[in-house]
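Letter by letter, the sequence shown follows residues 1 to 201 in full-length UniProt numbering.
Rather than coming from a laboratory, the hints here were simulated on the basis of the structure.
Hints are not guaranteed to be accurate.
Straight line, CA to CA, 25 Å or less: simulated SDA-like cross-link-like pairs of lysine to any residue [to be verified]:
1. K20 x A143
2. K115 x S45
3. K115 x T192
4. K115 x T62
5. K20 x A120
6. K20 x T96
7. K20 x H170
8. K115 x F68
9. K20 x D34
10. K20 x S69
11. K115 x Q184
12. K20 x C104
13. K115 x L71
14. K20 x R51
15. K20 x S158
16. K115 x A166
17. K20 x R114
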Amino acid sequence: MARPKNQTARRAELVAAARKAIVLHGLSAVRIRDVADTAGMAPGSVTYYFRELDELFQEVFTDAVERFSSLRRAAVQDLEEPRDRLVATIRAGLPTGPDDELCCLLYEFAPQARKNTRDAALRRTLYDDQVDLYCELLSNGEADDAFQLAAPAREIASNLVALEDAYGYHIIAGTSVTRATAEQYLIGYAATATGARLRTN
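Make a model of the complete structure from these sequences and hints.
Here you go:
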């Protein structure tokens, strides 16, 4: 039997429901019933549009990776001064807090990359995109004499992304590292690595 014409809208509803269920229960604990209950549908409706739960999870992860990258680039697109762009990029890469849905999703899927080749490819895409974003920003800033880089742009960019990933985990996990602390440390490292005075307000 052919699926109805509103298939795209229904699938989008289920992806949104799966996002909420994953943040609420944790990826490893989510079952078809959890997604169905969150979407207000019968379990059969979930399997009608997604034959396997893993197929739905892949759409959730793909969507999260694409949204994170696009939102981060949008956060700096109207800024011209390299130092302002660097600070805005750092801020856009950290979770807003333990309940940041998008970042929670990315951290839920992170452990899967070790055993799931598709998740590993998405994780690599996300990492490479963030490094490229920083690398472009740092190189342009150096060309404009706004930065005096203490190391190659890609090395600094890779360190910034690694620090973001580590601090972001602590923010999501609710440890003693707060969003404000992580932001302060990252901007401090960026200032040292670029030789620039970076505004924090």
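Do the hints match the structure? See the list:
Taking the CA atoms of K20 and A143, the gap is near 43 Å; set against the 25 Å cutoff, the hint is violated. Our distance criterion of 25 Å between C-alpha atoms is broken by K115 and S45, whose separation comes to about 29 Å. With a C-alpha separation of about 37 Å, the suggested pairing of K115 with T192 is violated against the 25 Å cut-off. The hinted pair formed by K115 and T62 meets the criterion: a straight-line CA distance of about 17 Å does not exceed 25 Å.
Using a Cα cut-off of 25 Å, the hinted pair K20 and A120 holds, with the two alpha carbons roughly 22 Å apart. Pair hint K20 plus T96 holds up; C-alpha atoms about 17 Å apart against a cutoff of 25 Å. For the given pair, K20 sits about 21 Å from H170 by alpha-carbon distance, which is consistent with the 25 Å threshold. A hinted pair counts as satisfied when its Cα atoms are at most 25 Å apart, and K115 with F68 qualifies at roughly 23 Å.
In summary, the hint linking K20 to D34 is supported, as the alpha carbons are separated by about 10 Å, within the 25 Å threshold. Between K20 and S69 the CA atoms are separated by roughly 20 Å; this keeps the pair inside 25 Å, and the hint holds. As the CA atoms of K115 and Q184 are separated by approximately 34 Å, the hinted pair breaks the 25 Å bound. This hinted pair checks out: K20 and C104 have alpha carbons roughly 10 Å apart, not beyond 25 Å.
A distance of roughly 28 Å separates the Cα atoms of K115 and L71; the hinted pair therefore is violated under the 25 Å criterion. Distance hint between K20 and R51 is fulfilled; the C-alpha atoms sit about 20 Å from each other, no more than 25 Å. At roughly 31 Å between alpha-carbon atoms, K20 and S158 are farther apart than 25 Å, so this suggested pair is violated. Our distance criterion of 25 Å between C-alpha atoms is met by K115 and A166, whose separation comes to about 21 Å.
A threshold of 25 Å between alpha carbons decides the hint, and for K20 with R114 the separation of about 24 Å falls inside it, so the pair holds.
Figure legend: structure checked against the earlier numbered hints; hints not met, in rising order: 1, 2, 3, 11, 13 and 15.
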